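Got chain A sorted already, so can you dock chain B onto it with the hints?
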Amino acid sequence: MKLRFLSLFLVLVCALSGAVQAQQGPLRIEITEGVIEPLPFAVPSFQPESAESGQLAGDISRVVSEDLTGTGLFREVPASAFISTVSDFNAPVQYADWKAINAQALITGAVNVQGNSVNVKFRLYDVFSGAELGDGLQFSGTTEGWRRMAHKVADAVYSRITGEGAYFDSRVAYVSETGPKDARQKRLAIMDYDGANVQYLTDSGSIVLAPRFSPSGDRVLYTSYESGFPRIYVLDIGSVQRRVLESAEGTMSFAPRFSPSGQTVVYSLTQGGNTDIYTMDIASGQSVRLTNTPSIETAPSYSPDGSRIVFESDRSGTQQLYIMSATGGEPTRISFGEGRYGTPVWSPRGDLVAFTKQNKGRFHIGVMRLDGSEERLLTASFLDEGPTWAPNGRVIMFARETQGAGGSSTLYSVDISGRNLRPVRTPEGGSDPSWSPLQK
Amino acid sequence: MNRFLTSGILIAALAMGACTNPDRFGADGAGAGANAGATGVVPGSANDPTSTAYFQQSIGDRVLFEVDQSNLTAIGRATLDGQAQWLMTNSDYQAVIEGHADEQGTREYNLALGARRANAAQEYLISKGVPAGRLRVVSYGKERPIEICSEEACYAKNRRAVTVLAGGLTS
Numbered sequence: 001m002k003l004r005f006l007s008l009f010l011v012l013v014c015a016l017s018g019a020v021q022a023q024q025g026p027l028r029i030e031i032t033e034g035v036i037e038p039l040p041f042a043v044p045s046f047q048p049e050s051a052e053s054g055q056l057a058g059d060i061s062r063v064v065s066e067d068l069t070g071t072g073l074f075r076e077v078p079a080s081a082f083i084s085t086v087s088d089f090n091a092p093v094q095y096a097d098w099k100a101i102n103a104q105a106l107i108t109g110a111v112n113v114q115g116n117s118v119n120v121k122f123r124l125y126d127v128f129s130g131a132e133l134g135d136g137l138q139f140s141g142t143t144e145g146w147r148r149m150a151h152k153v154a155d156a157v158y159s160r161i162t163g164e165g166a167y168f169d170s171r172v173a174y175v176s177e178t179g180p181k182d183a184r185q186k187r188l189a190i191m192d193y194d195g196a197n198v199q200y201l202t203d204s205g206s207i208v209l210a211p212r213f214s215p216s217g218d219r220v221l222y223t224s225y226e227s228g229f230p231r232i233y234v235l236d237i238g239s240v241q242r243r244v245l246e247s248a249e250g251t252m253s254f255a256p257r258f259s260p261s262g263q264t265v266v267y268s269l270t271q272g273g274n275t276d277i278y279t280m281d282i283a284s285g286q287s288v289r290l291t292n293t294p295s296i297e298t299a300p301s302y303s304p305d306g307s308r309i310v311f312e313s314d315r316s317g318t319q320q321l322y323i324m325s326a327t328g329g330e331p332t333r334i335s336f337g338e339g340r341y342g343t344p345v346w347s348p349r350g351d352l353v354a355f356t357k358q359n360k361g362r363f364h365i366g367v368m369r370l371d372g373s374e375e376r377l378l379t380a381s382f383l384d385e386g387p388t389w390a391p392n393g394r395v396i397m398f399a400r401e402t403q404g405a406g407g408s409s410t411l412y413s414v415d416i417s418g419r420n421l422r423p424v425r426t427p428e429g430g431s432d433p434s435w436s437p438l439q440k
Numbered sequence: 001m002n003r004f005l006t007s008g009i010l011i012a013a014l015a016m017g018a019c020t021n022p023d024r025f026g027a028d029g030a031g032a033g034a035n036a037g038a039t040g041v042v043p044g045s046a047n048d049p050t051s052t053a054y055f056q057q058s059i060g061d062r063v064l065f066e067v068d069q070s071n072l073t074a075i076g077r078a079t080l081d082g083q084a085q086w087l088m089t090n091s092d093y094q095a096v097i098e099g100h101a102d103e104q105g106t107r108e109y110n111l112a113l114g115a116r117r118a119n120a121a122q123e124y125l126i127s128k129g130v131p132a133g134r135l136r137v138v139s140y141g142k143e144r145p146i147e148i149c150s151e152e153a154c155y156a157k158n159r160r161a162v163t164v165l166a167g168g169l170t171s
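Chains as they are written, first to last, in this note's numbering: chain A, 1 to 440; chain B, 1 to 171.
Excised from the complex, chain A in its bound form (with noise of 0.2 Å):
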């Protein structure tokens, strides 16, 4: 028996079998190789081990399935064309019988409610290779936080199957819209990835606009007109307390994102017409200027490792993308292509940065290396803006905004490869998502 540490409070993960699987085992999707045909798996609803577990473990086998099936990866094998039923967790497996559904991965699990905690179990099954793949794993934590029990499995069995790094146990912070164009109301809100359990954490008094996570997930930047100019505000998720980032009377200050580290950011601060980059440092207040032009330099975004920042330009004549130390001086530019350049977001691998194109009156979301090559557009539309990067740098969720008097903004996910573009079910509308990172 071996302990590891997968925290959910204060979770207790145990190899609950013997029969250990490596990884590369037969069952993998290999995403970068261009898979269109979806992974079949199935996973029969996870066993209640207590007579109150019945809710939860229907519930939990669901948004597993949520999960999986949202990738566009993964294919669910529905109930009803079951050969077996699971009825007892720690009964062997009858491989035969999923095989010939052609179910190529399946899932099990069982749920055990006690009061307001619940324990989650699951094991993840290569059926034409007959074997496990992976240790079973568990979960602890209050059945108010189920959800996220239900997210770590998905996460694990993505991992275990794609090789990618896990993001279903995630949050996005985002703006809710409401109103018609000329009358919009917006206010600052908070949900799962998958738009489950939205919190709001502004009122629409105020126009507020393109909220950021720290990097730890606590924290969220964002630009409210509170006091009538733009100002950036640090928001503490779990208190709700917030506090305006000084800047002096006349300017305005906006478009902020954290440094890795937590303790800076990075923002724009315009000044005479004129809007430059600049740091500050959050603890004292200190600002350090990072340009210096009489264009337009705005929307960074630090790499992962803090070393250097991405930005967008009007230098050259229109806005381009480029890139810099993080502590100033000449920058490159990146961008090339036709059209437009804007937004760019670092991705959390460091490989790639996500942008807005506009081009021939259309918008796209699009992806490029970091000297530019090998650009990819995602999506295509009257309006697409403001990418985010999910934590394991697979897929991007941004803003679509709709024509006309009627318009309105709903988020949008896509994956990498262009494929897979969904929209993500929210209250009400959505604009400037940000990704948090993988939850501890």
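For the record, the hints were derived by calculation from the structure and aren't laboratory data.
Be aware that a few hints might be false.
Going by beta-carbon spacing under 7 Å, a handful of chain A positions derived as facing chain B [what the hints assert, rightly or not]:
hint, residue
1, Lys181
2, Asp182
3, Asp203
4, Gly205
5, Ile207
6, Phe229
7, Ala255
8, Thr270
9, Pro294
10, Ser295
11, Ile296
12, Thr298
13, Gln403
Below, a list of computed lysine to aspartate or glutamate pairs in the DMTMM-like style, where the Cα atoms sit at most 20 Å apart [said to hold, decoys possible]:
hint, chain 1, residue 1, chain 2, residue 2
14, A, Lys360, B, Asp68
15, A, Lys360, B, Glu66
16, A, Lys360, A, Asp371
17, B, Lys157, A, Glu375
Small disclaimer: the values here were computed from a predicted structure and weren't measured.
All C-beta atoms in this analysis are idealised placements derived from N, C-alpha and C, irrespective of residue type, glycine included.
Same frame as chain A, but now just chain B:
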């Protein structure tokens, strides 16, 4: 002299004093100043040349911009000439110049572009003699369009710098 913030009670009193026909209220409301009295204008109405309403309607409170541009057009400069003159005459007003962009652009860039537009208007007003201390600027980027169609006819009206008066009461 009370102007645009004049209380409704005072407007009502003046109007009542000037006009014995109470139907006037029903017809035109308290702000209808054309025939409001022997002195000719209701303070605060569009006929009061010192009023915000007059500034908005007769002087013109906004200038428009070409796509992606922040330089003032000839029409824009003429409007700002009028604004400058008015502001120097009515020296107890402050103004906030709001810069705006149309929806065809990314959010951050449009904030910066709106700031350029507001600043262009501000600098012009200062060059015509309006004290800098009476003017402030703010950009709303594409957050506050006044026209909501997704066509150039609407976009043209949304690419604007609007001079919004504040204060104006010395008492």
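For each hint, the structure was consulted:
For the restraint placing Lys181 of chain A at the interface with chain B, the shortest Cβ-Cβ distance is roughly 4 Å, inside the 7 Å limit, so the hint holds. The closest approach between the C-beta of Asp182 of chain A and any C-beta of chain B is roughly 5 Å, which is under the 7 Å cut-off, so the hint is satisfied. For Asp203 of chain A, the suggested interface contact is broken, since its CB lies about 17 Å from the closest CB of chain B, more than 7 Å. Because the beta carbon of Gly205 of chain A sits about 14 Å from the nearest beta carbon in chain B, more than 7 Å, this interface hint is broken.
For Ile207 of chain A, the suggested interface contact is upheld, since its CB lies about 5 Å from the closest CB of chain B, less than 7 Å. For the restraint placing Phe229 of chain A at the interface with chain B, the shortest Cβ-Cβ distance is roughly 5 Å, inside the 7 Å limit, so the hint holds. For the restraint placing Ala255 of chain A at the interface with chain B, the shortest Cβ-Cβ distance is roughly 4 Å, inside the 7 Å limit, so the hint holds. At a threshold of 7 Å, the smallest CB-CB gap from Thr270 of chain A to chain B is about 4 Å, leaving the interface hint in force.
Contact between Pro294 of chain A and chain B, as hinted, is not supported at the beta carbon level, the nearest pair being about 10 Å apart and thus beyond 7 Å. Taking 7 Å as the C-beta cut-off, the interface hint given for Ser295 of chain A is violated, the closest approach to chain B being about 9 Å. Satisfaction of the interface hint for Ile296 of chain A is found here, the shortest Cβ-Cβ separation to chain B being roughly 4 Å, below the 7 Å cut-off. Annotation: interface hint on Thr298 of chain A holds; nearest CB of chain B at approximately 4 Å, less than 7 Å.
Hint on Gln403 of chain A holds. Least Cβ distance to chain B is approximately 4 Å, under the 7 Å limit. Note on Lys360 of chain A and Asp68 of chain B: the hinted pairing holds, with a Cα-Cα distance of about 14 Å set against a maximum of 20 Å. For the suggested pair Lys360 of chain A and Glu66 of chain B, the alpha carbons sit about 17 Å apart, so the restraint of at most 20 Å is met. Of the supplied pair hints, the one linking Lys360 of chain A and Asp371 of chain A is violated, its CA atoms being roughly 24 Å apart against a limit of 20 Å.
The suggested pairing of Lys157 of chain B with Glu375 of chain A is violated, with an alpha-carbon distance near 35 Å, which exceeds 20 Å.
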